[in-house]
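Produce the entire structure from the sequences given, and follow the hints as far as they go.
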Amino acid sequence: AQKVTQAQTEISVVEKEDVTLDCVYETRDTTYYLFWYKQPPSGELVFLIRRNSFDEQNEISGRYSWNFQKSTSSFNFTITASQVVDSAVYFCALSEANNFNKFYFGSGTKLNVKP
Amino acid sequence: DVKVTQSSRYLVKRTGEKVFLECVQDMDHENMFWYRQDPGLGLRLIYFSYDVKMKEKGDIPEGYSVSREKKERFSLILESASTNQTSMYLCASSTGSARASEQYFGPGTRLTVT
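Line by line, the protein sequences are chains A and B. Numbering (this note's numbering) for the first sequence: 1 to 115. Numbering (this note's numbering) for the second sequence: 116 to 229.
FYI, nobody ran anything at the bench for these hints, they're computed from the structure. One thing to keep in mind: the hints can contain errors.
Unchecked claim - Below, a list of computed lysine-lysine pairs in the DSBU-like style, where the Cα atoms sit at most 35 Å apart:
id, chain 1, residue 1, chain 2, residue 2
1, A, 38, B, 186
2, A, 3, B, 128
3, B, 118, A, 114
4, A, 70, B, 168
5, B, 170, A, 110
6, A, 102, B, 172
7, B, 172, A, 110
8, B, 186, A, 3
9, A, 38, B, 128
10, B, 168, B, 133
11, B, 185, A, 102
12, A, 102, B, 128
13, A, 16, A, 114
14, B, 118, A, 16
The model shown is predicted, which means the values in this text are computed figures rather than measured ones.
Now the structure itself:
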């Protein structure tokens with residue numbers, strides 16, 4: 001079974017629209033970490049955020065915000081006022097207490113932001 | 116800035132050839148990883164190494180081997196390349212710690228096996 005599900009394969013928005021990328025995870029561990037990465041067309045994955053399972057506070061960083069809800073096993077990512085430079089593939093990932101070095105990645109969501 | 120470099124951005128090899136993909140990191144990271152990325156499948160872990168000469172199999176190690184003789188360098192070896200190994204290969208590194216450290220990625224090598 002998939003440990004991380006990103007059901008949205010591709011999303012297209014027009015610049016300045018808000019967009020939310022969904023991430024649902026599955027784990028039996030009480031201690032785990034969740035991550036979001038951005039992969040622009042250049043190919044290199046860029047780390048965006050890490051959140052541990054004991055911190056359910058939402059986080060905001062500029063136009064980016066993350067909503068972590070343990071009750072629904074979700075860690076969704078919202079981009080406010082999207083820009084063309086946000087066009088990329090976004091990956092959500094999970095690591096568990098039994099082996100923090102091992103990341104389980106979702107299949108990614110391709111975001112197209114059109115001018 | 117953390118820098119992870121990979122020896123080639125694009126590589127074309129023939130079926131049956133032995134292929135070496137090299138990865139170097141300059142941040143003295145203990146952990147290094149090799150992933151392959153395929154459309155619709157995300158990133159899948161092939162092997163990782165948590166110290167020099169130490170390695171562990173990931174989810175899809177078949178057909179691959181690795182070598183880590185120096186801390187900064189982690190090589191992925193395709194002993195006899197096959198067409199189903201055509202893919203994007205990503206190397207990553209992270210610090211060794213008691214908690215999950217973010218992984219830093221290289222630019223990737225797009226390998227085509229004909």
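Note to self: Next pair to validate is residue 70 of chain A with residue 168 of chain B; report whether the Cα-Cα distance is within 35 Å.
What the structure shows: Violated, at about 38 Å.
Check: Taken at face value, is the distance from the CA of residue 128 of chain B to the CA of residue 102 of chain A at most 35 Å?
Finding: 29 Å, holds
Check: Taken at face value, is the distance from the CA of residue 128 of chain B to the CA of residue 3 of chain A at most 35 Å?
Finding: 33 Å, holds
Next item on the list: Measure nothing beyond the straight line between the CA atoms of residue 102 of chain A and residue 172 of chain B; if it is 35 Å or shorter, mark the hint as holding.
Entry: The given pair, whose Cα atoms are some 11 Å apart, holds under the 35 Å limit.
Note to self: Between the alpha carbons of residue 172 of chain B and residue 110 of chain A, is the straight-line distance 35 Å or under?
What the structure shows: Holds, because 29 Å separates the two Cα atoms, which is no more than 35 Å.
Next item on the list: Take a quick look at whether residue 38 of chain A and residue 186 of chain B sit within 35 Å of each other, Cα to Cα.
Entry: Cα-Cα ~27 Å, so holds.
Item checked: Straight-line alpha-carbon gap residue 118 of chain B to residue 114 of chain A, limit 35 Å -> Between residue 118 of chain B and residue 114 of chain A the Cα gap is close to 31 Å, so the pair holds against 35 Å.
Item checked: Pair hint outcome, residue 168 of chain B versus residue 133 of chain B [Cα-Cα no greater than 35 Å] -> 21 Å, holds
Item checked: Agreement of residue 118 of chain B and residue 16 of chain A with the hint, judged by alpha carbon distance not exceeding 35 Å -> Holds - the C-alpha atoms of residue 16 of chain A and residue 118 of chain B are around 32 Å apart, at most 35 Å.
Next item on the list: For the pair we were handed, residue 170 of chain B and residue 110 of chain A, check the Cα-Cα distance against 35 Å.
Entry: This hinted pair holds, its Cα atoms lying about 32 Å apart.
Check: Quick one, are residue 185 of chain B and residue 102 of chain A close enough, alpha carbons at most 35 Å?
Finding: 21 Å, holds
Item checked: Pair hint residue 16 of chain A and residue 114 of chain A, alpha-carbon separation not exceeding 35 Å -> 9 Å, holds
When held up to the earlier numbered hints, the structure conflicts with hint 4 and nothing else.
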